[in-house]
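Generate the whole structure from the sequences, applying the supplied hints.
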Amino acid sequence: MARTYRVVLRNRDHACLEVGEEETILAGAEARGFRLPVGCRYGGCITCAAKLIDGKVVQPKGTALKRRQVKAGYILLCVARPRQDCTLEVGVESHDALFVNPFAVRGE
Amino acid sequence: MSSSPAPAPADACPGPGYASPQEAIRAPREKVVYTICLYEGTGVEEPDYLATIDVDPESPTFSQVIARTEMPIIGDELHHMGWNACSSCHGDGSMARRYLIIPGVRTTNFYIVDTATDPRRPTLYKTIDGEEIKRKTNLSAPHTVHCLGSDIIVSMLGDAEGNAPGGFLHLNRDFEIVGRWENDISGMRYNYDFWYQPRHNMMVSSEWAAPNTFLPGFDLEDVGKGKYGQRLHFWDFAGKRIERTIDLGEEGLIPLETRFHHDPDSTHGFVGAALSSNIFHWYKDAAGEVQVEKVIDVPSIEVESFPVPMPGLITDILLSMDDRFLYFSNWLHGDLRQYDISDPSHPVLTGQVWIGGLLGKAPEVNGHRIAGAPQMIQLSLDGKRLYVTTSLFSTWDNQFYPEMKGAGGAMVRVDCDAENGGMTLDPDFFIDFGKEPKGPTRAHETRYPGGDCSSDIWV
Ligand code: FES
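Chains A and B, in that order, are what the protein sequence lines are. Under the numbering used here, the residue at position 46 of the first sequence is numbered 35, and the numbers go up by one with no gaps. Under the numbering used here, the residue at position 285 of the second sequence is numbered 312, and the numbers go up by one with no gaps.
Note that these hints are calculated values from the structure, not bench results. Small disclaimer: the values here were computed from a predicted structure and weren't measured. Hints are supplied without guarantee of correctness; some may be wrong.
[As the list claims (entries may be wrong)] Computed cross-link-like contacts, EDC-like style, restricted to lysine to aspartate or glutamate with a CA-CA straight-line distance of at most 20 Å:
no., chain 1, residue 1, chain 2, residue 2
1, B, LYS411, B, ASP81
2, A, LYS60, B, GLU248
3, B, LYS321, B, ASP274
4, A, LYS50, B, GLU188
5, B, LYS254, B, GLU188
6, B, LYS163, B, GLU203
7, B, LYS462, B, GLU430
8, A, LYS60, B, ASP249
9, A, LYS40, B, GLU72
10, A, LYS40, A, ASP85
11, B, LYS254, B, ASP186
12, B, LYS465, A, GLU82
13, A, LYS55, B, GLU248
14, B, LYS267, B, ASP211
15, A, LYS50, B, ASP249
16, A, LYS55, B, ASP249
17, B, LYS411, B, GLU85
18, B, LYS254, B, GLU277
19, B, LYS58, B, ASP141
20, A, LYS50, B, ASP186
21, A, LYS55, B, GLU188
[Said to hold, decoys possible] Each pair of labels, with its calculated beta carbon distance range:
no., chain 1, residue 1, chain 2, residue 2, range
22, A, GLU10, B, ALA265, 52 to 60 Å
23, B, VAL335, A, PRO49, 27 to 35 Å
24, A, ALA4, B, GLY449, 52 to 60 Å
25, A, ILE42, B, GLY70, 12 to 20 Å
26, B, LYS462, A, ASP2, 22 to 30 Å
Glycine included, every Cβ here is placed at the ideal spot set by N, Cα and C.
Here it is as structure tokens:
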């Protein structure tokens, strides 16, 4: 039987979702009636980015997240599947470190 | 009002649009315009919509959004749009300029919106599912929509997985998927805008990047890795294959909007290279060879505390219907410019206005704070009124103008002197998209119901 994990949306009143290991976190959240940012649904546009505060997920290699964004803790909910219980910060409020003006920062 | 319609003049053509650019210039003045409003990256999880804006100074609802045509789902990122029919089928009485074709860049869904039944309250007529388009054509991320006779052609920036180079989608007049338009995509690395000039069997296409590169935002590292375009492709239009590719080099990084002269007998046209912030002019010389030359250079500006000089970022360009003036926006610097291009090789600056921008030259317009800068521009057929919106693309907005997601976009009107040149900000017109009922939206492309300076071609 497929395992399920507990995924807590910290900035949605700590809502706790049960998400199967083969299910995307976005699908799990939408099934519970949450409307979260979404676009392409294949990992290509980062509209659905969220901050992984705690826990572990798997996502396909070659998503559109840049190295800098991965280092800042972002995952893509439309393709991320839980591998442990997780705590997330979701929605545009979690995107504070997602975008930078490339002319205003030094390259890494 | 008399009950029977006035008889049509004997020489009236029954199809849509105008017999010529000269006739288009004399068309009646617009009463409403349609503008894309989007919620991506704002924190408001609501569908994007088409706003109908009252632009008739005689109307009690002048300078207001009077209708909002909502899409069925969230997350499309509506971007550009085109008509089902334009002056290219002026001679075809079975066609009418009736439907706006509005694709979503992020989902590849296409929405067909009926603007004719009630031009003040457009309605959703049909949806083409993005997954079906991906499955049948292996294309995604729609951009420019043009019609040619009863065919509709759309530039698609990626394959079904968001990789370059994409291709062109062909729809028929009933909005059914015919398949891919091009016969051969060889030579194209990326795709973006395109326009054509059938009398010369010419089509020009430009290059942005793969959806997987530009959708997440702009990264200078990607430019270094060659993940952004710098080429112009000249097509054998009838043969539907690339005839010649011209590498614009360092001066031509990210060539975006392509604009032919409206005069169907001309081979001249212009393209704005966004990142290099240069305008290039192309034409066919006496021997029939395509020539491309840089004609305008907007220098980057050193900004204190910015380690990298800031380019103007030319994101949209337009030609007036009489082919006399070229307009473009510098989305980072914040200015909008008008050049006299009577001599296309030697444009002369004739007007400039500032609207928002990162240089801080015009933080307010008509008493409203601007979070953003001039971006999409659309000129009336008579060349006198330019409607300007401020959003580029949700992820890029969030990089360069993060405050737009809370403050919303704006639309301003710039009055243009079509005789002597010159531009002024219209003090009586302003749309604050920060005040929309469901929350602040970004505002992107605008279309005029009777056609505008980037909607129609003549065959
Ligand atoms: S919705 Fe596009 S990456 Fe998740």
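key: Unmet hints by their number, sorted upward, for this structure   = Of the numbered hints given earlier, the structure breaks none, since each of them holds.
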